[in-house]
Amino acid sequence: MGVKIKDLIAAIDGKVLTQSVETESIVIEDGYVSDLLSDVMGNARDNQAWITIMKHMNSVAVASLAGIPCIVFAKGVQPEKEVIQKGEEEKVLLVTSELSSFEICGKLYCLLNDLKK
Amino acid sequence: MKGSEAVKSKSIPEYWAIKPGFEEEIKKIINERPEPEISLDYEIAENDYVKTGKASSDVKFFLKKLGVNPEVLRRVAVASYEAEINVTAHSKGGKVTANIYSDYIIMMFEDYGPGIADIEQAMQPGFSTANELAREMGFGAGLGLPNIKKNCDGMYLSSEPGGSTTLIFFIYYEEKSYAAK
Numbered sequence: 000m001g002v003k004i005k006d007l008i009a010a011i012d013g014k015v016l017t018q019s020v021e022t023e024s025i026v027i028e029d030g031y032v033s034d035l036l037s038d039v040m041g042n043a044r045d046n047q048a049w050i051t052i053m054k055h056m057n058s059v060a061v062a063s064l065a066g067i068p069c070i071v072f073a074k075g076v077q078p079e080k081e082v083i084q085k086g087e088e089e090k091v092l093l094v095t096s097e098l099s100s101f102e103i104c105g106k107l108y109c110l111l112n113d114l115k116k
Numbered sequence: 000m001k002g003s004e005a006v007k008s009k010s011i012p013e014y015w016a017i018k019p020g021f022e023e024e025i026k027k028i029i030n031e032r033p034e035p036e037i038s039l040d041y042e043i044a045e046n047d048y049v050k051t052g053k054a055s056s057d058v059k060f061f062l063k064k065l066g067v068n069p070e071v072l073r074r075v076a077v078a079s080y081e082a083e084i085n086v087t088a089h090s091k092g093g094k095v096t097a098n099i100y101s102d103y104i105i106m107m108f109e110d111y112g113p114g115i116a117d118i119e120q121a122m123q124p125g126f127s128t129a130n131e132l133a134r135e136m137g138f139g140a141g142l143g144l145p146n147i148k149k150n151c152d153g154m155y156l157s158s159e160p161g162g163s164t165t166l167i168f169f170i171y172y173e174e175k176s177y178a179a180k
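Residue numbers (numbering that gives the first Met the number 0), protein chains in the order written: chain A, 0 to 116; chain B, 0 to 180.
Excised from the complex, chain B in its bound form (with noise of 0.2 Å):
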């Protein structure tokens, strides 16, 4: 994905991580944009860890009564929940584009700063900057970015220390077998 043009500018930090076999659909959307069949919005409050998780309860009951299997569902909420989290729990807030297509869900996390000081750090398991409050709500363990990496067919981060924070992940309702490849 280093040669695609179609994202930010090249001064931001960002990072990419798609899994095997999904490369060129992921290209593919990001060239053409295709219109979504629903787009879904909401704003994540910072510090809200009530009202927070809104948007992937939602996703997750849209997906369902689309027909979506179980564990895609599971994977989808997870890493929207922990997305959402993460803005609740580092930012000043920010917003969430949910985007649903006929065969995959594109979900877009951007917030209000103040930013990630080291990307490649933050995606190490068990880093965390997490606050007293988010571990008081049995969060900050430093597994949030992980588990998105883990749960998601494609997902991409940008962010620069005092700027916003973009997450785009994409995950296919159909699931592929790596092993065939």
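For reference, chain A alone in the conformation it holds in the complex (with noise of 0.2 Å):
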């Protein structure tokens, strides 16, 4: 049981911006947050949303060969063209959000939480 990526956006007020990759089937169940790519490949997975600063087209190579569904870019972070297009390309979907980590991951966790009650 999961949280539809839908929701999520519409929670932390998320601005799509890969508007050809198909959210309806995104379910995100967890979520993992850091800016070191590394930590990333280690340890997300692909049931998670990846929040995140680090804007650099490796993100979208990380998430896509981890198998990570989404990358949310906090802070309003606003990735250049080419990454988006990367994103389109590797159907990762990008959201950004004016939110800090925190506040994004603090909505996150409310969603998951509210599922079990």
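No lab work stands behind these hints: they were computed from the structure.
It should be emphasised that the depicted structure is a prediction, and the values quoted were computed from it without experimental measurement.
Treat the hints loosely; a few may be bogus.
[Unchecked claim] Here are the simulated lysine-lysine pairs, DSS-like style, with alpha carbons at most 25 Å apart: (1) A:K90 to B:K50; (2) B:K64 to A:K90; (3) A:K74 to A:K106; (4) B:K50 to A:K80; (5) A:K54 to B:K50; (6) A:K54 to B:K53; (7) A:K90 to A:K54; (8) B:K50 to B:K63; (9) A:K90 to B:K53; (10) B:K53 to A:K80.
Assemble the dimeric complex from its two separately framed chains, guided by the hints.
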């Protein structure tokens, strides 16, 4: 059981950057927060949203290779259009939110907790 | 694996890490050197954080078509990308060969130097000699080699200061139950 990505996006007032990436099928059961790519590769899983401010092209490569379906950029971080394009190609959903990593995690945590009630 | 004479001469510092249950099979591969079904080759350029990752991406795509399960795909992709990043971040460039077999994959990374000063130290999580550029790119946390070790069934690393570094890893498509051993 998890949170539909649409519900998370609504909760964090997020903006979808990769318009062509299908969102219906993405269900988030957990989250991971890190700006160190090797830490993400070593620990993140395919049912998680990855919350980060690391907006380089490598972030998309890491998500794609590690099977992470969605990157949420915190603090209004806006990646370059090449990065967004790469997200579209690799079918990794890129979302940006004005909230901090801490606040995004808080919202996701509450959504996941509500499901258990 | 210490007793195997199949790899390199004794003078070059080397490191082996094999998960329990895979010793015999990996030893057999080293001795018999079977022909792969498919072999893919790539060059990796120094400090190229954009193109680097192509080998990992292609290999993942290829194995996916073979029907390899997603968790194993993830392990191959992570180990491979970390190894590619190591070559681009720490060496003058190098090459990678992916040998794909029906039930396992072997990936071999060889660079053009300048080698690792102390392999044991390099294997320690958190130890890094990464430069500013690598850190800006989100790497350099000292987790690359430990991540490779964690995700593969067998890993071989040899290097000497001033010389080239060779990294080879083995990953089987079927996961083994270690508890049963």
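The hints, checked one at a time:
{"no.": "1", "hint": "A:K90 to B:K50", "in the structure": "holds, 18 Å"}
{"no.": "2", "hint": "B:K64 to A:K90", "in the structure": "holds, 17 Å"}
{"no.": "3", "hint": "A:K74 to A:K106", "in the structure": "holds, 14 Å"}
{"no.": "4", "hint": "B:K50 to A:K80", "in the structure": "holds, 17 Å"}
{"no.": "5", "hint": "A:K54 to B:K50", "in the structure": "holds, 17 Å"}
{"no.": "6", "hint": "A:K54 to B:K53", "in the structure": "holds, 19 Å"}
{"no.": "7", "hint": "A:K90 to A:K54", "in the structure": "holds, 16 Å"}
{"no.": "8", "hint": "B:K50 to B:K63", "in the structure": "holds, 21 Å"}
{"no.": "9", "hint": "A:K90 to B:K53", "in the structure": "holds, 16 Å"}
{"no.": "10", "hint": "B:K53 to A:K80", "in the structure": "holds, 20 Å"}
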